[in-house]
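For reference, the chains in residue letters:
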Amino acid sequence: MHVPTVAELVAQGKSPEILFWVGCAGSFDQRAQRVTKAFAQILDQVQINYAILGKEECCTGDPARRAGNEFLFQMMAYQNIQVLNGYGIKKIVTTCPHCFNTLKNEYPELGGDYEVIHHTTLLQQLINEGRIKLKEGGSFTGKKIVYHDSCYLGRANGIYEAPREILEWLDADLVEMKRCRSKGLCCGAGGAQMFKEEEKGDVRINTERSQEALATGASIIAAACPFCNTMLSDGVKQAEKEEQVKVLDVAELIAEQLNK
Amino acid sequence: MSFIEPLAFLVITAVAVGLFSKKAAAIRRNILLGRKETINDQPAKRFKNMLLLALGQQKMFHNPLVAVLHLWVYAGFVIINIEIIEIIIDGLTGSHRIFFPLIPSLYPYLINSFEILALLVVIACIIFLVRRNWLSIKRFTSGDLKGWPRTDANLILITEIVLMSLFLLMNASDTLLQQRAVGHYADHLTGNFIISSLLHDSLQALSNQSLIAIERVSWWLHIVGIFSFLNYLPYSKHLHIVLAFPNSYYARLQPSGKMENMPSIQQEVLYAMQPELAPTDAAAAPQRFGARDVMDLSWKNLMDAYSCTECGRCSAACPAQQTGKLLSPRKIMMDTRDRLEEVGRQLDQKGSFQEDERSLLHTYISTEELMACTTCNACVEACPVSINPLDIILQLRRNLVMEESRTPAEWAALFSNVENNFAPWKFSPDDRDNWTRST
Chain H
0 MHVPTVAELV
10 AQGKSPEILF
20 WVGCAGSFDQ
30 RAQRVTKAFA
40 QILDQVQINY
50 AILGKEECCT
60 GDPARRAGNE
70 FLFQMMAYQN
80 IQVLNGYGIK
90 KIVTTCPHCF
100 NTLKNEYPEL
110 GGDYEVIHHT
120 TLLQQLINEG
130 RIKLKEGGSF
140 TGKKIVYHDS
150 CYLGRANGIY
160 EAPREILEWL
170 DADLVEMKRC
180 RSKGLCCGAG
190 GAQMFKEEEK
200 GDVRINTERS
210 QEALATGASI
220 IAAACPFCNT
230 MLSDGVKQAE
240 KEEQVKVLDV
250 AELIAEQLNK
Chain P
0 MSFIEPLAFL
10 VITAVAVGLF
20 SKKAAAIRRN
30 ILLGRKETIN
40 DQPAKRFKNM
50 LLLALGQQKM
60 FHNPLVAVLH
70 LWVYAGFVII
80 NIEIIEIIID
90 GLTGSHRIFF
100 PLIPSLYPYL
110 INSFEILALL
120 VVIACIIFLV
130 RRNWLSIKRF
140 TSGDLKGWPR
150 TDANLILITE
160 IVLMSLFLLM
170 NASDTLLQQR
180 AVGHYADHLT
190 GNFIISSLLH
200 DSLQALSNQS
210 LIAIERVSWW
220 LHIVGIFSFL
230 NYLPYSKHLH
240 IVLAFPNSYY
250 ARLQPSGKME
260 NMPSIQQEVL
270 YAMQPELAPT
280 DAAAAPQRFG
290 ARDVMDLSWK
300 NLMDAYSCTE
310 CGRCSAACPA
320 QQTGKLLSPR
330 KIMMDTRDRL
340 EEVGRQLDQK
350 GSFQEDERSL
360 LHTYISTEEL
370 MACTTCNACV
380 EACPVSINPL
390 DIILQLRRNL
400 VMEESRTPAE
410 WAALFSNVEN
420 NFAPWKFSPD
430 DRDNWTRST
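In the order they appear, the protein sequences are chains H and P. Heads up, the first sequence is in numbering that gives the first Met the number 0, so the first residue is 0 and it goes up one at a time. Heads up, the second sequence is in numbering that gives the first Met the number 0, so the first residue is 0 and it goes up one at a time.
For reference, chain H alone in the conformation it holds in the complex (with noise of 0.2 Å):
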C-alpha cells in the first residue's frame, strides 16, 4: 500500500479529497502507528482520495496551549495554516481527537478554516454508505466490548455515537462502564498531563479508569484517542491483564476485519 503525500499529488497536478492528519501520536508512537496504518489501510480499501502531509505536517499546538504556553501553540498553528491554505486543503480526517479538536474548533479563527471529521465519524459515514465490507463471520460477534469515551471527542466536542454505532456494527455486545458518555472519567492523559508525571494523589487516574473498563467483564477495551489507548494499555498492563483484555481502536477493529 502506499501512502501518498499532498506534495505528491499537487506535483502530479491532483489534490486529496481529503488530507488525512496523522498527528504526532500517530506518526510517531509506535502503538499509535498501528492505529493510523489500519486507518490508512481502510481508507486506501475504501479507494478515498486522501494524501497526508507527511513531514510537512507539525504538532497542531493543542498540549502547548493547554500547558498555558499560548505563543508556542500560536505558532505551530501559524505554521500548519500556511501549508494547509498553501495547498488549498478543504476537509481534514484525523485519528486524534485533541488535534481533531484544535483543526476544528481553535484553527477557524486564526484563519484556517476546514470541514474537520474525526475518523470515528468518517468510518461510520463509509459503513452507512455500504463501502466498507466486512469478511464472513466476524470475530466480534457477541464479544464483550466497552467503549471509552475521549473528553475531547465527548464531552468537547459532543461525538459520543459514531463510535459506539461502529462496534455495534461489528456486532460486537457492547457494554459500557457508569461513567460513560457525558460523565465519563478522562484516561488522565488530556490537558498536557500526557507529557508529565502526575500530581501527588490516591491513585493514578489511568489506573482508575482501566479497573473500572476491566470490572465491565470486556475482552476489548475500545478506545477513539492515542492517548487514551496508552493510558488504558498502561493501566491493563498495571493490572496484569494485558493477556485476557486488548485495548484497540476503533480503526483497528475495523481493519481486522476488512474483507481483504
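Read the hints as simulated data drawn from the structure, not as lab findings. This structure is a prediction, so every number in the text was calculated from the model and none was measured.
No farther apart than 35 Å at their CA atoms in a straight line, the calculated lysine-lysine pairs in the DSBU-like style are these:
#1 P/LYS44 with P/LYS22
#2 H/LYS245 with H/LYS199
#3 P/LYS137 with H/LYS240
#4 H/LYS195 with P/LYS58
#5 P/LYS257 with H/LYS143
#6 P/LYS35 with P/LYS349
#7 P/LYS425 with H/LYS13
#8 H/LYS36 with P/LYS257
#9 H/LYS240 with P/LYS425
Position chain P relative to chain H; hints supplied.
Chain P in isolation, oriented as in the chain H frame:
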C-alpha cells in the same frame, strides 16, 4: 397602635430593601471589575438555555430524586413568596388578609396550595439536612466546605424550615381565631386551610390572647425572616437562585473543547513571522498574559463565582479530585469569589484598589492544583448553572507559564520539543512519515 405597626413595618421594609440594593450594587460592581468580554450572540438560543437550565433545572435531573426535592424547595420558596405581596400591603396599610375580600372563592385554593408547598419545602429541607450532615456523601463531607461554607448551607436549610413553619403557624392560629370569632379575625372567614388546620389540636388549649400573640409574632417573624434572608442572600451561596438565570443566559455556546484565543499573541506571532505586516507604531501596551488575579478574569468568570452554590457536582465529576489530587473545581470557584469579595471590601473602604500583595494565583489557588487539571471538561458539563471552572484554571496556567515561567521540567521539555522538532517528543521531523514505509 393603629399606626405604630404600619410605621414599624415601613421602616423595616425600607431598611431591608435599601441594604439589599446596596449590596446588590456592590456585587454588580465587583463582577464588572473583570475583563470586558462581549457576549451577545444568538439571543434566542441563550434564552432557551436559561429557561431549560435555570427555570427548568434540566441538569439537576441527572439525579431525579434530588432534582424533585430541589424543585419543591425552589417552587415552594418562589411561589409562596407571592404571599409576600399580601403581607406587605397588610403591613403597610394595617389591613388583614386584604386579598380575601377581593377573591373570596379563589383565596382558600391559593393558600391551600401555598401550604402544601410549604410542607413539601419543610420535608425536602429536612431530607437535605440529613443528606448533608449524616449520609457522608463525598461532595458534602469534602474539605472544601470546612467552616463557614458548611454552616452557610445548614443555615439556609434551617431558615427555610423556620420560615415555612412560621407561615403554617400563622395560618393555624388565624383560622382558629376565626372559629372562635375573635376580633377582626372574624371579619375574614377564610375557613380552615389544608395543612395548618392539622396544628389546631395542639393550639386548641391556648387562650385567645395567646393565639393572637402567636399569630402576630408568627406574622412578624415570617416577614422579618424573609427580609433578613433577602439580605443574607448576597453573602451566601444561596445567591444562585438569582444568578442562575443570567449565568445560564451568558454561558458559552461554542464546543466546550475550544480554548479562548489570545489575539494579542496571535498578532505578535504574525508580526514575527511576517515583519512586513507589523505596523511601524506598534508600541503595544504592556499587558497581562493569562490571569493572576480576579480583575484579569472575564466578568463572566466572576459572575460564575457568585453563581456557585457550592454543590460540588463539578468536584465529584473531576478526575483529579476523584483520585485524591489537590485540585477541586468547586474550590476554584469559591476561591475566586472569596478573593473578589476581598478586593470588593477594599474598594468599599478605600474607594480604589491598591496592591495588597495577595492574588487569586498563589494566595488562594496553588500551582499544584492548577497542574492537576486534565482539561476534560467534566466540571463544566456537571454544573447545573453553567459555571466554567476550567476557563479560570487555564487562564491561571497561562499566567504561570508565560509570566512566571513556572512550569514543570517535563513541560519545559515538551515546549522545547514542539518548538524544535514540531512534536511533543524528541523525534526528528524527518522521521514523521517513517510509518508509511512499513505499510
